[in-house]
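**Q** Here is what each chain is made of, one letter per residue.
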Amino acid sequence: MTVHLAILPILIPLVGGLLMLLPPFAGVERYQYRRVAALCLMLAQIACSIILILMVVQNGAIMYAVGDWQPPFGIILYADQLSAMLVALTSFLGLGVTLYSFAGSDREGKYFHPLVQFQLLGIYGAFLTNDLFNLFVFFEVLLIASYTLLIHGGGKQKTAANVHYVILNLVGSSLFLFALGTLYGITGTLNIADMSLRVAQLSESNQLIAQAGGSLLLIVFGLKAAMLPLHFWLPRTYAAASAPVAALFAIMTKVGVYCIFRVYTVIFGDQAGDLANMIQPWVWPLAILTVIAGTVGALASPNLRTLAANLVIVSVGTLLIAFALRTPEATAAGFLYLIHSTLVTAALFLIADMLGQQRGKALDYFVVARKIKQQALFGVLFVVAAMAVAGLPPFSGFLAKLVILQSVTGVEQKIWVWSVILISSLITIIALSRAGTTLFWRSTPSRDNSETPGVSKWQICATFLLLGASPLLALFGASIIEYTNNAAAQLHDIPYLIEVMNLEENAQ
Amino acid sequence: METLYVICVGVLTFCGVFLCLRARTFSVVVGLTMLSYAVNLFLFSSGRLNLKNAAILDMSDSYADPLPQALTLTAIVIGFAMIAFVVILAMRARADLGNDFVDGREPPDSDKFIKPNKDKV
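First to last, the sequence lines map onto chains S and D. Our numbering runs 447 ahead of the 1-based position in the first sequence. Our numbering runs 88 ahead of the 1-based position in the second sequence.
Next comes chain S alone, as it looks inside the complex (with noise of 0.2 angstroms):
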């Protein structure tokens, strides 16, 4: 089993997904076997990330070639420290989302678990490729999963949504192929290890047409990670998705910011000779920037949903900013961040949900509308999901920014990532702030909400668990930042990636 265990996210929620489609679970009336069937298939898939992750601590990368086709000319899968870490992410971010669906959103179609592990299958397999084409394949895996997931429950405004999501990711899937095509022209491999090895032999000539091949693929995975120029599409679709969706989909930006952390460090990277960092001057002025336009739209959100969808993007341009200074230390409160701002916003989506079911009509709108009817609980939950995604100790929102923070070095990087950060965590306090007054204060007095329906436990105990995370992450921030600061390490070492694949003979 253990040869095997870098497929076996993979092939969980593959094969789970398909039985559930098959008559012991198909049916509209037996939505009750799906459900167990998909906790089980949860639990499964969070025990076998947890023993990926040991196993990649304890004997270091595991590098499995698919049918035994060895690099570089086999599909090759790579579980290293930070492949690992995302697993086990995304498995746990999908256990609060399939617990918060049992609350009855699961049942607005039929499909729904299926198509949620289809949609984890996908974003498992981003993370644990190690080919770029076989990337393509897990992109379009996990993105006609989130087509339809999108669209799940109906309505105009889902549609409406949902057309511009699947033309801009076409489109992004057309520019991918061509980036691939380029590429693979030129270096004459599909290999993440063996490219980066290709890349630093090229002539002259051949390193215009793979730097054009490289800021195209930085255009698609700046398309999946909702970066400046290209984020225009993602507060829209969030705040129309349902809540399990929406929640789900906090991950799905972070596979593009994986990929271009994975790709421009591996191939493009200190090793590239002239392409060295050739990202790098792009990707700095616009992080900055895509922090600033969340920050702003944060202000402008006229829900809570819109509102956490902003924050989405701010979090994208915090990890953008920790790519972009190029170290390793660097690298690893980014990392820190990731896992944090990914459970953090989800949470949010989540609660702005929960609000909008006691607030009528209303929604989750920042308008006076009727009054709460479980005031302390939600108070509780809103204030710490608030303070942990500002960055307010003691939650790990304050730990994650810390990091990034020390990691600058530099004077003039220093001044531009501090102030920016900085006041973007002050001007998120005032934006939710005032979004917490509205919505929990200023209520019409005489309505009587005592019809008002209650949440159900499912949403309760799921919201828990992806905000619970939050001051764990904090309390246990020594030996996850110990753990961060070496998957960076080893994503940062070619010579070790290069070593596990057994290139070093082909290259000679």
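The set of hints was computed from the structure by calculation and includes no laboratory data. It is possible that part of the hints are untrue.
What the hints assert, rightly or not - Now the in silico label distances, taken between C-beta atoms and shown as ranges:
#, chain 1, residue 1, chain 2, residue 2, range
1, S, Thr449, D, Asp149, 42 to 48 angstroms
2, D, Arg112, S, Lys808, 32 to 38 angstroms
3, D, Asn187, S, Gly507, 53 to 59 angstroms
4, S, Thr449, D, Ala172, 35 to 41 angstroms
5, S, Pro749, D, Pro196, 16 to 22 angstroms
6, D, Asn141, S, Glu859, 51 to 57 angstroms
7, S, Gly551, D, Val94, 51 to 57 angstroms
8, S, Ser903, D, Asn187, 34 to 40 angstroms
9, D, Pro154, S, Asp717, 29 to 35 angstroms
10, D, Pro154, S, Trp865, 49 to 55 angstroms
11, S, Ala647, D, Phe114, 45 to 51 angstroms
12, D, Arg193, S, Asp721, 47 to 53 angstroms
13, S, Glu859, D, Arg136, 43 to 49 angstroms
14, S, Thr774, D, Val94, 38 to 44 angstroms
Idealized CB from N, CA, C, for every residue including glycine.
Starting from the known structure of chain S, arrange chain D on it as the hints suggest.
**A** Chain D alone, transformed into the frame defined by chain S:
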């Protein structure tokens, strides 16, 4: 041969990009199809164009690169499925939103650009 091929890919890409920028979903869908044709041709050419190289080992001194063919096949299958999905989605959007504009509504200033034909009205 290369020149002809390049012109084909270029014209297809141009048409695809142009049609993707139109306001109605039908032309956008056609544009996406054109783009995916262009991309398939482009991927195929990444193994270099040649007429005489063998595809099977031990048959010749020079071989054609087999990988771009596999990539193109995968891209065709995926592209086809995605286009099928976007067609269904466009029809659903037409039913849900009552028009086939990509934005879900007619642009408010569209009559500035398209003069309505007064004779027919």
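**Q** Could you run down the list of hints and mark each one as holding or not?
**A** Hint by hint, here is what the structure shows:
no., hint, result
1, S:Thr449 - D:Asp149: 42 to 48 angstroms, "45 angstroms, holds"
2, D:Arg112 - S:Lys808: 32 to 38 angstroms, "33 angstroms, holds"
3, D:Asn187 - S:Gly507: 53 to 59 angstroms, "57 angstroms, holds"
4, S:Thr449 - D:Ala172: 35 to 41 angstroms, "40 angstroms, holds"
5, S:Pro749 - D:Pro196: 16 to 22 angstroms, "20 angstroms, holds"
6, D:Asn141 - S:Glu859: 51 to 57 angstroms, "54 angstroms, holds"
7, S:Gly551 - D:Val94: 51 to 57 angstroms, "55 angstroms, holds"
8, S:Ser903 - D:Asn187: 34 to 40 angstroms, "38 angstroms, holds"
9, D:Pro154 - S:Asp717: 29 to 35 angstroms, "34 angstroms, holds"
10, D:Pro154 - S:Trp865: 49 to 55 angstroms, "53 angstroms, holds"
11, S:Ala647 - D:Phe114: 45 to 51 angstroms, "47 angstroms, holds"
12, D:Arg193 - S:Asp721: 47 to 53 angstroms, "49 angstroms, holds"
13, S:Glu859 - D:Arg136: 43 to 49 angstroms, "46 angstroms, holds"
14, S:Thr774 - D:Val94: 38 to 44 angstroms, "42 angstroms, holds"
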